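Peer 1: Chain residues, written in single-letter form:
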Amino acid sequence: MGIRERLSGNEAAAIAMKQINPDVVAAFPITPSTEIPQYFSTFVANGTVDTEFVAVESEHSAMSACIGAEAAGARAMTATSANGLSLMWEMIYIASSLRLPIVLSLVNRAVSGPLNIHCDHSDAMGVRDAGWIMLFSENNQEAYDNTLMAHRIAEHKDVLLPLMVCQDGFITSHSIENIELVEDEKVKDFVGTYKPEHYLLNEKEPIAVGPLDLQSYLFEHKAQQAEAMKNAKQVILDVSKDFEKLTGRKYGLFEEYKLDDAEIAIVCMNSTAGTTKYVVDNLRKQGIKAGLLKVRVFRPFPGEEIAKALSNVKAIAILDKADSLNSAGGALFEDVTSGMYVNNVHVPAVNYIYGIGGRDTKSDDIESVFKDLLEIVKTGKIDNPYRYLGLRKGGNK
Amino acid sequence: MEDLIEIRWHGRGGQGAKTASLLLADAAFNTGKYIQGFPEYGPERMGAPITAYNRISSSPITIHSNIYEPDYVVVVDDTLLESVDVTSGLKETGAIVINTTKSADYLKSVLKGYKGNIYTIDARKISEATLGRYFPNTPMLAAIVKVSGIMSDEDLLEDMKGSFKHKFAKKPEVIEGNMKALEMALQEIKKI
Numbered sequence: 006m007g008i009r010e011r012l013s014g015n016e017a018a019a020i021a022m023k024q025i026n027p028d029v030v031a032a033f034p035i036t037p038s039t040e041i042p043q044y045f046s047t048f049v050a051n052g053t054v055d056t057e058f059v060a061v062e063s064e065h066s067a068m069s070a071c072i073g074a075e076a077a078g079a080r081a082m083t084a085t086s087a088n089g090l091s092l093m094w095e096m097i098y099i100a101s102s103l104r105l106p107i108v109l110s111l112v113n114r115a116v117s118g119p120l121n122i123h124c125d126h127s128d129a130m131g132v133r134d135a136g137w138i139m140l141f142s143e144n145n146q147e148a149y150d151n152t153l154m155a156h157r158i159a160e161h162k163d164v165l166l167p168l169m170v171c172q173d174g175f176i177t178s179h180s181i182e183n184i185e186l187v188e189d190e191k192v193k194d195f196v197g198t199y200k201p202e203h204y205l206l207n208e209k210e211p212i213a214v215g216p217l218d219l220q221s222y223l224f225e226h227k228a229q230q231a232e233a234m235k236n237a238k239q240v241i242l243d244v245s246k247d248f249e250k251l252t253g254r255k256y257g258l259f260e261e262y263k264l265d266d267a268e269i270a271i272v273c274m275n276s277t278a279g280t281t282k283y284v285v286d287n288l289r290k291q292g293i294k295a296g297l298l299k300v301r302v303f304r305p306f307p308g309e310e311i312a313k314a315l316s317n318v319k320a321i322a323i324l325d326k327a328d329s330l331n332s333a334g335g336a337l338f339e340d341v342t343s344g345m346y347v348n349n350v351h352v353p354a355v356n357y358i359y360g361i362g363g364r365d366t367k368s369d370d371i372e373s374v375f376k377d378l379l380e381i382v383k384t385g386k387i388d389n390p391y392r393y394l395g396l397r398k399g400g401n402k
Numbered sequence: 506m507e508d509l510i511e512i513r514w515h516g517r518g519g520q521g522a523k524t525a526s527l528l529l530a531d532a533a534f535n536t537g538k539y540i541q542g543f544p545e546y547g548p549e550r551m552g553a554p555i556t557a558y559n560r561i562s563s564s565p566i567t568i569h570s571n572i573y574e575p576d577y578v579v580v581v582d583d584t585l586l587e588s589v590d591v592t593s594g595l596k597e598t599g600a601i602v603i604n605t606t607k608s609a610d611y612l613k614s615v616l617k618g619y620k621g622n623i624y625t626i627d628a629r630k631i632s633e634a635t636l637g638r639y640f641p642n643t644p645m646l647a648a649i650v651k652v653s654g655i656m657s658d659e660d661l662l663e664d665m666k667g668s669f670k671h672k673f674a675k676k677p678e679v680i681e682g683n684m685k686a687l688e689m690a691l692q693e694i695k696k697i
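So the protein sequences, as listed, match chains A and B.
Going by our numbering, the first residue of the first sequence is number 6, and it counts up by one from there.
Going by our numbering, the first residue of the second sequence is number 506, and it counts up by one from there.
There could be a bad hint or two in this list.
Here are the simulated lysine-lysine pairs, DSS-like style, with alpha carbons at most 25 angstroms apart [what the hints assert, rightly or not]:
| no. | chain 1 | residue 1 | chain 2 | residue 2 |
| --- | --- | --- | --- | --- |
| 1 | B | Lys-596 | A | Lys-290 |
| 2 | B | Lys-596 | A | Lys-367 |
| 3 | A | Lys-367 | A | Lys-263 |
| 4 | A | Lys-23 | B | Lys-672 |
Far from chain B, by Cβ distances over 12 angstroms, these chain A residues were calculated [said to hold, decoys possible]:
| no. | residue |
| --- | --- |
| 5 | Ile-181 |
| 6 | Ala-231 |
| 7 | Ala-278 |
| 8 | Asp-286 |
| 9 | Ile-293 |
| 10 | Gly-360 |
| 11 | Asp-365 |
| 12 | Ser-368 |
| 13 | Asp-370 |
| 14 | Leu-396 |
Treat the hints as calculated values from the structure; they're not laboratory data.
Treat the numbers as computed from the prediction; the structure is a model and nothing was measured.
Glycine included, C-beta positions come from ideal geometry on N, C-alpha and C.
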């Protein structure tokens, strides 16, 4: 029936890794994800896992070691945040193009500069086109559950792509909350053993990994990567269904919260979705038909499914916890509106950049967005689709 | 979340306000509640003002923001009273619990006319009597449990016995002192 516990998001991620017991973990500490390799290294020291823990000297080496391990035929994991992910940048692309199903725990934090250790999604958005599957998690439970599902998705023969599980730095990574854990044996059975089809240490099949790939083939290889990303959608749904059988916890590509009959809706990711649920409940008590669409699977992006789910609302606000600084809206806004356009869904939509550098997002902030949407429904007018939420007055001057 | 209780802790780095908030979360968890315990991280250093938070409810808690309108405020260090707006947003139906020996008149004047209940406790005296050193967080934990009624005195003592055994596995000699600190705090807290 599961184990009732209370853990921080980082503890939850580390315990998921313990239960998965991967062959290799290579990591370098960086706030706010430091605790994940820290806790994991104690599991290694205590002999609770038989993982080879590689204490590397940088994140570039962490990802390189994971790539080497996966290419050799091992299951590899790592964790990082912000500038750690930036330093991995070169190897992030190599991991996905070599089709190595590495799993990374990304504890979201603002990328410098100036230096800021708090949460926003600028780290994740920087690698959104790098060919990694990206799952976002509202709380410790989802960070744990997504990690348990990660290898089954990434290692599937139709996918073979690396995967990152995102959660909000400090907000969930350092908050103790209730969680239901799955028993060790059940996790072991669910995750299964890694049996790669091709790997470097297979003496019966000598192969080269990552050689020169010029005009005649790179294009096709990229198209295959893109195809694998498309396939991931169904695999994620299938694995989530199996996970539901195991735990009773249901996961899709996104979560619809009171969206069925909603007239106004917010689209967002990670912990802000929890705050939005709280506000939706309060507004519903006042008779306001508010709803939420929480994106879980950001890559592959379920544009068609999201467009369909939003087709009956009258106004939408898409919240981005990272500013693309492009005068055309945040990444989630672009993806959602593009999905809507292509699928002939024409609902007024506005973008809010919020929570940058850990600026706290209060329930009042979320409520003000819903009030703005009511105004849009009433007047049918959108003066400016590119907005800020929680920015000090005149703060952009 | 009808019965949601929100608590804000004010302390200084090194006094254990964060630990106390996590212990409170633990204790409430063990009585079957849904809990949140989280500090507000800043440039942490010994002596700098810090804030920590708790949410406690009998149903799942989804909100993920700091707490702006707490039911209760705990002040671990009374030197903060003049520099931090500790009653900011504090509900008048709630209460503030302060570790202090200062007079009621002084407290009323620095709390800017806060109309809710004001409780005081001399956590220094209790800590020094029971532990021989100044660790205000254990008495403050007992004080907020008493004031908020999150659980009975007995449940708290029973539960903390288990927690301390686990927490102080490597220095069992401090368990008894911490238990005594809890008991004494439950007795000594007073309303002004």
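Peer 1: Would you mind marking each hint as holding or not holding in the structure?
Peer 2: Now for the hints, and whether the structure bears them out:
1. Lys-596/B - Lys-290/A: 22 angstroms, holds
2. Lys-596/B - Lys-367/A: 17 angstroms, holds
3. Lys-367/A - Lys-263/A: 20 angstroms, holds
4. Lys-23/A - Lys-672/B: 22 angstroms, holds
5. Ile-181: 4 angstroms, violated
6. Ala-231: 34 angstroms, holds
7. Ala-278: Its Cβ does come within 12 angstroms of chain B, the nearest being 8 angstroms, so this is violated.
8. Asp-286: Violated, since 8 angstroms does not exceed 12 angstroms.
9. Ile-293: 18 angstroms, holds
10. Gly-360: 10 angstroms, violated
11. Asp-365: 5 angstroms, violated
12. Ser-368: Per Cβ check, Ser-368/A is inside 12 angstroms of chain B; nearest 6 angstroms; violated.
13. Asp-370: 8 angstroms, violated
14. Leu-396: Leu-396/A is indeed farther than 12 angstroms from all Cβ atoms of chain B, at 16 angstroms.
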